[in-house]
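Asks: One letter stands for each residue in the lines below.
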Amino acid sequence: MRSIWRTLDPELLRDVAAVAAGAAVNGASFGAISVAAGLPWWLPVLMSLLVFAGGAQFMAVGVVASGGSPAAAVVAGLVLNARHLPFGLAVGDVLGRGLLARLIGSHLLIDETVAFAIAQRDPAKARAAYWACGTSLFAAWNLAVVAGALVGQAIGDPGAFGLDAAFPAALLALTLPALKDPRTRNAALLGSAVALATTPFLPAGLPVLLALTGLVAAMTTRQEARTCP
Amino acid sequence: MPVTAVLVLAAGTYAFRLAGPLLRDRLRLPDRVKELMSISATVLLVALVATASLTRGQGFAGWALPAGVLVGGLAAWRKAPFVVVVLLAAATTAGLRYLGVE
Chain S
103 MRSIWRTLDP
113 ELLRDVAAVA
123 AGAAVNGASF
133 GAISVAAGLP
143 WWLPVLMSLL
153 VFAGGAQFMA
163 VGVVASGGSP
173 AAAVVAGLVL
183 NARHLPFGLA
193 VGDVLGRGLL
203 ARLIGSHLLI
213 DETVAFAIAQ
223 RDPAKARAAY
233 WACGTSLFAA
243 WNLAVVAGAL
253 VGQAIGDPGA
263 FGLDAAFPAA
273 LLALTLPALK
283 DPRTRNAALL
293 GSAVALATTP
303 FLPAGLPVLL
313 ALTGLVAAMT
323 TRQEARTCP
Chain X
475 MPVTAVLVLA
485 AGTYAFRLAG
495 PLLRDRLRLP
505 DRVKELMSIS
515 ATVLLVALVA
525 TASLTRGQGF
535 AGWALPAGVL
545 VGGLAAWRKA
555 PFVVVVLLAA
565 ATTAGLRYLG
575 VE
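Chains as they are written, first to last, in our numbering: chain S, 103 to 331; chain X, 475 to 576.
This list has only true hints and no planted wrong ones.
Simulated pairs of lysine-lysine, DSS-like, Cα-Cα distance not exceeding 27 Å:
{"hint": "1", "chain 1": "X", "residue 1": "K553", "chain 2": "S", "residue 2": "K227"}
{"hint": "2", "chain 1": "S", "residue 1": "K282", "chain 2": "X", "residue 2": "K553"}
{"hint": "3", "chain 1": "S", "residue 1": "K227", "chain 2": "X", "residue 2": "K508"}
{"hint": "4", "chain 1": "X", "residue 1": "K508", "chain 2": "S", "residue 2": "K282"}
{"hint": "5", "chain 1": "S", "residue 1": "K227", "chain 2": "S", "residue 2": "K282"}
Rather than coming from a laboratory, the hints here were simulated on the basis of the structure.
Fair warning: this is a prediction, and the values are worked out from it, not measured in the lab.
All chains, please: the whole structure from these sequences, using the hints.
Replies: Take a look at the structure:
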């Protein structure tokens, strides 16, 4: 672990802190919204510790709050979280070799950690970025959820601060370097088009998974590159 | 929401997360497939950016949100520091909403 912290530069830590700050405000609002929806204060806290996926947590509480069954909430949350499987296939080696590193590291597999890891060129730096981002966000998110659940209604709408724009902008900034590669760019553009086109018709989570069909563009781009020396 | 629901959601999510790193080693995949797998992380993240900035629920998110993400994206493209990118995106969206643009 010590070597991981030595690999980190101050710039990366500052970037991680920015994302963690955003996660903290969202976590506080999750805690507050859950309590407002009638859940006991410890339930959103338990959920954040064990599920640790903001989108799915908001979704599950939202389904129950609007009169849906707990089973429907679980299914909706799981569909939303299914993207973690391809994420793990893609970046699974940055967690580290040992079984313990994988068991703990897997729990930290979230959009932000994946984005921070793939933004690094060097594998050692990718691993350091993954763990630094994962542990920071885990701490920030969970502490904020406790605070939000205890303080309750006092937190305003995060949308008023534009925080819903901060998350996609951060992911975009982190993925921009990878998009220099034409095959990756074509696949991402086609995939995003598919996701946007299917959003009105499918439950949340599936459109993003369907974006993987964009990989077809990466395959065809490769063939074109082969025929033109 | 019962505790059982939370536990099932947590177990399912963890299974999704653990499956990738464990399967990665077991599967002897050709390099081409491995390459596509690593591209797929970027594809998923960019699709997430697109849907999170343009849609809310199953409809359009309004103009304030994508405008903020666009400003942040342009700043990132012009090599602005990461913190500036995030703050610009949030400030643009918040500012537009304050002015009454949804």
